[in-house]
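Asks: Here's the letter readout for the chains.
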Amino acid sequence: CSSGTRFPNGDGTDGEYVGFATLPNQVHRKSVKKGFDFTLMVAGESGLGKSTLVNSLFLTDMYRDRKLLNAEERITQTVEITKHVVDIEEKGVKLRLTIVDTPGFGDAVNNTECWKPVADYIDQQFEQYFRDESGLNRKNIQDNRVHCCIYFISPFGHGLRPLDVEFMRALHQRVNIVPVLAKADTLTPSEVERMKNKIREEIDHYGIRIYQFPECDSDEDEEFKLQDQALKESIPFAVIGSNTVVEAKGRRVRGRLYPWGIVEGNAMGGPVPAGTGTSRTPSPSCGPHAGGLGRGAGGAP
Amino acid sequence: MGRWELGHARFGERKSPPGRTACAAPWGAPPLLPARLLARPCSAAVPIPATFPVTGCILAATAADPAPPTALGSPRVCPRAGSSLEPQESSMEAPAMLEELPPGAAPGKGAHELFGYVGIEAVLDQMRVKTMKTGFEFNIMVVGQSGLGKSTMVNTLFKSKVSRKASQPGQEERIPKTVQLQSVTHVIEEKGVKMKLTVTDTPGFGDQINNENCWDPIIKYINEQYERYLREEILITRKRKIPDTRVHGCVYFVPPTGHWLRPLDLEFMRRLSKIVNVVPVIAKADTLTLEERAEFKQRIQQDLKAHAISVYPQEDFDEDPDDRLLNNVIREKIPFAVVGADQEHQVNGRRVTPGCTLTWVGALPTATSPQPALSCLAVENPMHCEFPMLRDLLIRSHLQDLKDITHNVHYESYRVRRLNESNRVALSPANGLPGKDEDDSNL
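Sequences listed follow chains A and B, in order.
Every number in our numbering is 120 more than the matching position in the first sequence, counting from 1.
Every number in our numbering is 26 more than the matching position in the second sequence, counting from 1.
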């Protein structure tokens with residue numbers, strides 16, 4: 121590790137070499153061995169494509185044995201919290217992913233305080249972490265705190281609905297909220313723009329603090345800065361999830377096949393289509409800002 | 027002799043349908059009266075001159091004809107040799123046929139053939155002219171959460187800007203705190219036929235956090251319209267044409283979740299299908315692929331059946347087997363998956379109207395072609411969405427049926443309820459009803 125790396129002094133000559141520049145590598149190796157934990161919560165009315173998006177984000181099938189309720193069961197349905205845990209590994213890096221789902225949210229006729237079970241769950245996880253942290257044996261603390269909550273906004277309305285506002289207001293102090301415009305293939309590009317502007321306005325108007333991506337360092341290269349800027353401007357992300365692979369012009373892509381055309385879900389290996397932001401969504405959670413989400417959750421009151 | 031031949035030859039052709047076409051004499055000989063009428067006793071009301079220009083159709087028997095068929099001497103007027111029919115056949119046939127023809131039967135029951143052109147079918151033309159002068163009324167209500175495309179759908183249906191948004195342009199969309207009902211009336215005309223169209227919109231439905239009883243204002247409105255009509259109807263001197271503001275059809279927009287009907291949808295449809303014709307549609311159906319659409323429809327149909335909600339076209343009101351066949355085809359497709367769009371677009375130089383252009387990326391944008399490929403969803407294309415079927419149902423084929431069922435079934439049941447209630451409470455004496463009340467209570 122320390123051999124072969126030379127650090128010049130200010131006057132251009134090689135000075136004494138200490139070797140702590142290898143620290144990041146050591147940290148890297150340790151974390152790779154230890155693995156990462158990430159808890160993601162998805163919330164929103166049913167039928168907005170939450171499960172499909174989760175599956176297409178992580179390219180796994182998390183809801184294989186899910187069954188939809190029949191008519192009688194649905195009338196008396198209340199909001200539940202379900203957890204699915206999956207361990208994924210990519211290039212030697214292990215990730216323990218927990219998806220927290222909220223079936224029944226916003227589905228009843230009377231949805232007053234339907235966010236209460238969600239808020240209670242989040243508080244419970246904080247409480248547990250707090251206890252573990254104050255305990256004597258702190259070696260293996262399980263971090264079950266919710267790191268990020270993706271809130272699905274319906275594209276069919278005219279901006280935020282009263283339920284959306286209430287949910288986000290109740291939870292923005294507790295968890296990082298990333299609003300997402302679901303089923304965006306319903307909207308034409310101009311409609312997408314209009315909706316996004318409307319939603320951003322309303323978020324400001326109601327004083328909702330959604331997750332702000334941290335500013336990138338000034339010494340990052342231009343391309344990254346531009347990308348970061350574009351990322352920030354396209355909140356809320358307009359997403360399309362897809363579980364199926366369709367043929368398009370001789371290529372196999374994840375997409376949705378309609379009689380009038382094909383929609384691409386994640387662009388696999390191709391350039392990002394402007395204006396939809398679908399292939400950008402994986403990057404905030406898994407890319408350079410994932411650490412920020414973790415830190416944010418820890419620091420939130 | 028020849029005359030009787032012709033008459034009996036005509037009788038022999040029983041299979042030909044009555045009406046003008048059957049009366050065209052296939053033979054070149056001058057048409058004559060059938061033997062039956064001539065053999066009738068002269069007490070027949072209408073003496074028919076021999077030169078009366080009729081073809082080979084039978085005039086319907088006059089009501090004044092008292093003579094029983096057996097009194098007719100037609101067996102005696104069997105054709106001699108030379109007629110197309112065998113003598114014994116015709117003699118056997120004639121009495122049988124004459125028994126079939128009831129002597130005093132009222133005309134027009136379908137069993138009688140005419141042997142002349144009467145002109146009954148001209149009544150259709152008269153009706154047409156009259157209705158064109160008076161025009162039609164049609165009241166439709168659209169219900170659903172905001173943003174599902176109700177106003178756009180109405181505009182697309184009637185190909186003109188008839189929704190409430192068109193009449194208040196530039197107003198921003200705000201979700202009202204309670205359900206409001208806004209009616210907009212337009213008179214639209216096509217090929218000389220005028221229609222007074224009233225569209226009632228329900229902004230605020232299903233948008234709140236607590237949506238309990240959000241259907242109450244709607245039910246109240248519908249009942250108010252029935253009440254208004256009832257009051258006009260039971261007046262002693264009532265108007266010749268009672269203005270009809272009753273809601274003939276209610277189009278309910280189901281959001282395309284793809285899973286099931288929400289409790290709110292079920293509650294609403296259950297209550298309203300009892301008082302008005304409810305037509306459920308899947309709104310913004312371009313969200314669903316074809317398989318998803320088929321699954322969704324199936325689940326909705328199961329749900330409706332499980333909750334015993336009968337949507338239009340209701341099975342109980344099919345009048346005859348033909349109707350039933352037609353309506354069964356429609357019932358399989360309910361709810362229709364519709365997409366509303368009121369903008370015209372150009373695709374490949376051709377105008378596609380109406381439709382919406384969407385950025386479907388059939389090919390990813392590359393360096394040489396940075397614009398993603400566009401494809402267009404044409405609303406009128408039945409492969410893309412079922413909007414044409416909805417339009418046909420509402421306007422082209424079942425409009426009169428909607429009105430009839432509203433008048434004959436829903437309004438009648440409202441009326442029965444109301445009049446039973448008001449048996450205990452006397453209605454205003456100006457209508458002369460207290461007397462009627464007494465009769466009812468004595469019964």
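Honestly, the hints are just simulated from the structure, not real lab data.
Incorrect hints may appear among the rest.
Said to hold, decoys possible - Computed cross-link-like contacts, DMTMM-like style, restricted to lysine to aspartate or glutamate with a CA-CA straight-line distance of at most 25 Å:
| hint | chain 1 | residue 1 | chain 2 | residue 2 |
| --- | --- | --- | --- | --- |
| 1 | B | 185 | A | 335 |
| 2 | B | 300 | B | 151 |
| 3 | A | 352 | A | 335 |
| 4 | A | 318 | B | 233 |
| 5 | A | 236 | B | 447 |
| 6 | B | 187 | A | 322 |
| 7 | B | 156 | B | 238 |
| 8 | A | 236 | B | 233 |
| 9 | B | 217 | B | 430 |
Claimed, not checked - Rough simulated footprint, nothing fancy, chain A against chain B, three-plus residues with beta-carbon under 8 Å:
| hint | region |
| --- | --- |
| 10 | 209 to 217 |
| 11 | 226 to 236 |
| 12 | 259 to 270 |
| 13 | 340 to 347 |
| 14 | 353 to 363 |
Because the structure is a prediction, the values reported are computed rather than measured.
All C-beta atoms, glycine included, are put in the ideal place defined by N, C-alpha and C.
Asks: Now tell me, hint by hint, if it's right for this structure.
Replies: Okay, the hints, checked on the actual structure:
no.	hint	verdict
1	B/185 - A/335	violated (51 Å)
2	B/300 - B/151	violated (36 Å)
3	A/352 - A/335	holds (10 Å)
4	A/318 - B/233	holds (17 Å)
5	A/236 - B/447	violated (46 Å)
6	B/187 - A/322	violated (29 Å)
7	B/156 - B/238	violated (46 Å)
8	A/236 - B/233	holds (20 Å)
9	B/217 - B/430	holds (23 Å)
10	209 to 217	violated (count 0)
11	226 to 236	holds (count 4)
12	259 to 270	violated (count 0)
13	340 to 347	violated (count 0)
14	353 to 363	violated (count 0)
Consistency with the previously given hints fails for numbers 1, 2, 5, 6, 7, 10, 12, 13 and 14, ordered from lowest to highest.
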